[in-house]
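Assemble the complex: chain E is given as a structure, and chain R must be docked to it using the hints.
There are 2 protein chains.
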Amino acid sequence: MLKNVTAEIITIGDEILFGHILDTNTQWIGNELTTIGILPTRKTSVGDNYHEIMEALTRAFDRYDVVIVTGGLGPTKDDITKQTLCDFFGTELVIHPEALAHVTEFFRKRGREMIESNRQQAALPKTCKYLVNHWGTAPGMWFEKDGKVLVSLPGVPFEMKELMQHSVLPGLKETFDLPAILHYTIRTIGIGESFLAEKIASWEDSLPQHIRLAYLPSFSGVKLRLTGYGKASLIEQELKEWAEKVNELIQDYIYGYGEIEIEEAIGQMLSDHQATLSTAESCTGGYVAHRLTSISGSSAYFLGSVVSYSNEVKSEVLGVSEYDLRAYGAVSEPVAKAMAEGVRKRLKSTFGISTTGVAGPSGGTPEKPVGTVWIACAGPTRTVARKLQLGNLRDVNIQLASAHVLNLLRQELMHLVQLPS
Amino acid sequence: MLKNVTAEIITIGDEILFGHILDTNTQWIGNELTTIGILPTRKTSVGDNYHEIMEALTRAFDRYDVVIVTGGLGPTKDDITKQTLCDFFGTELVIHPEALAHVTEFFRKRGREMIESNRQQAALPKTCKYLVNHWGTAPGMWFEKDGKVLVSLPGVPFEMKELMQHSVLPGLKETFDLPAILHYTIRTIGIGESFLAEKIASWEDSLPQHIRLAYLPSFSGVKLRLTGYGKASLIEQELKEWAEKVNELIQDYIYGYGEIEIEEAIGQMLSDHQATLSTAESCTGGYVAHRLTSISGSSAYFLGSVVSYSNEVKSEVLGVSEYDLRAYGAVSEPVAKAMAEGVRKRLKSTFGISTTGVAGPSGGTPEKPVGTVWIACAGPTRTVARKLQLGNLRDVNIQLASAHVLNLLRQELMHLVQLPS
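Protein sequence lines, in the order shown, are assigned to chains E and R. Per the working numbering, the very first residue in the first sequence carries number 1; after that it's consecutive. Per the working numbering, the very first residue in the second sequence carries number 1; after that it's consecutive.
So here's chain E without its partners, still in its complex pose:
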């Protein structure tokens, strides 16, 4: 059995610590390392401070096989990474001829004048291997010691990514004998995390040591992620088999595998049936339409939406009867159904889905408190509606109501063997 190759990712910069910028680099790096079979075990962010950087480098290099450092390499004064690296590896800064030629050429090509701080970017710790940065002037640096690797990269995302893809990842694959780490994601909707866990408890308990399960909940459902460690060809087959076993337990809730989102899965189901869709939205205010149209190619099956925030739009554009609005109120089963049927008819689509509710935080009544939502789906054979009782947060209610109505449509599409002609 191969030993796990472990890694720490270190980011340097006050701007990340203070929350002035969002760190997207370490997510990307973590994902890339996992993909080639290196196990990210820790991430650390420190500021532009010599002692903090030194302590983090020492700790990481002591414990893990690979350390990836990003940031702290720009031409301005607050960047002290290179000096710290020199002290850490017991070496000194020297102008690297290849790096100097690169910086000089970089400025020449852009017709810009080069100043001393730019020239200093070619000064590198003597013992490192220079990695050329094709998109900028801050270099990459590769250190090897005691069978371990430390890499220092600029923090600008596209420069960092280019260096990782063309120098660092190939170098790591060459240096280490890596095991395969494979993932298999099962996407569910319409069931909460704890209920899901209960339904699949015996299956989960029987998973072997080298296959791990994670629950990843979001407003659009819970993803079950299986991670397998071992020989790629064997693991791939094994993950599939375990996924098939869990499929039997929860098949009604599964809408897809891998990277697919619910709006994409629905798009595929609609395309398979050569069916079209329109939406009538009150409390979700256009968010369902936004999710559907975030998918490239959605114009093939999505015709449009009527966001009916006022009752007048509900009656005049969607044809909801004024009697129903008065007798049952806008947040009611008859109105939800009439909206779905109305938009289906008006926009001439195969299916129409609707939402109407009290998104909050105000507007609730004792009978219809904040979070009361009706959703409906009208299709060629029938119209169904469901009542939801959500919470007090407007944003969350909009997210959840949109997920529920998409799931209602998915259920209707599942039961549709063939469209009546």
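These are calculated hints, taken from the structure and not from any lab test. All figures in this text were calculated on a predicted structure; none of them were measured in a lab.
Facing chain R, from chain E, some residues (calculated, C-beta under 8 Å): (1) Leu17; (2) Phe18; (3) Ser45; (4) Ala197; (5) Leu216; (6) Gly285; (7) Ser305; (8) Val306; (9) Ser308; (10) Pro361; (11) Gly391; (12) Asp395.
Quick reminder that beta carbons are idealized off the backbone N, C-alpha and C, glycines included.
For chain R alone, kept in the frame of chain E given last:
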């Protein structure tokens, strides 16, 4: 001079380490801590591993005054944070009556059955102070020892934020004697970062040492954030004076100060004029309506939207002439104007705004490449349209087109002294 109160933020979860989800929590927390005068000094992410968590807690609590831990508190098995906290503080898990009552009530309200793993969420380390999570079942925990504070919070962003805002930040302000760090944010739209920097260069150069400026660009414009350090009463006045000075240089681009978003600023302008709004969206697919309706109380001025993804909806519901659609194409000035006028008339609103374009990544032609977008605004006195040339990324184009059309409406509202009756 006050001693700096330092903090470390620790996130727990394999999903962040492996790069399966993007960590936005620590940016938000870093920003909030900075705002109240606490200095974030380190961030660490560890996996769902007892020894890694224990080591990270020990290290952090040893070195910093405040430790904020997020994640690892869900009801499923991969969460071991609470047990580690018990061992770290030398205590044991006990069912907390208040926490149990909260979980029970949470399920009762939603009419959902409670299972054992839900009940276990009320088991807390005996020595901690329980912090109620109004939006979920995972509790917050506050530990104090040797004049230091450790807080453990759920990783779900909105639950974490609510706990921070209502329990943790007020608690930290009470516990520590914090220096004043004040912020003043000036929000601009319709001008890029580098052009803005050029316009305000002399003002920026004259800022005193204890007032710092940060440019925070997003798809909805650039925020200028001034940060002042010193005595609260003096700094507050000083920040205002500096903001007034920059106002003179860029007033056409400023839509607000502080926390206000562009959709909120527009809502206020519409309310001030007792005007109403509707939207006709093609390429933005409902996103403009979603943004407008994300504001609580928007039903007072927002009547609705027609998302016209197909040409048939453009002509039949919005009344765009079939001649225009054929002669100029759906992505054209006449169609953008007709859509804005059509939805204004149809939904009987004071203003109608529209978007039509090629969001991409496919669907472009040599005359109308991906990223070509027309936006329009129809009001009581006139209809105006603008052409945008955006990039190749669908998501980004939807975001940018929505920001541009909201800014076009803002400009029309600015010039409107009084509505014609």
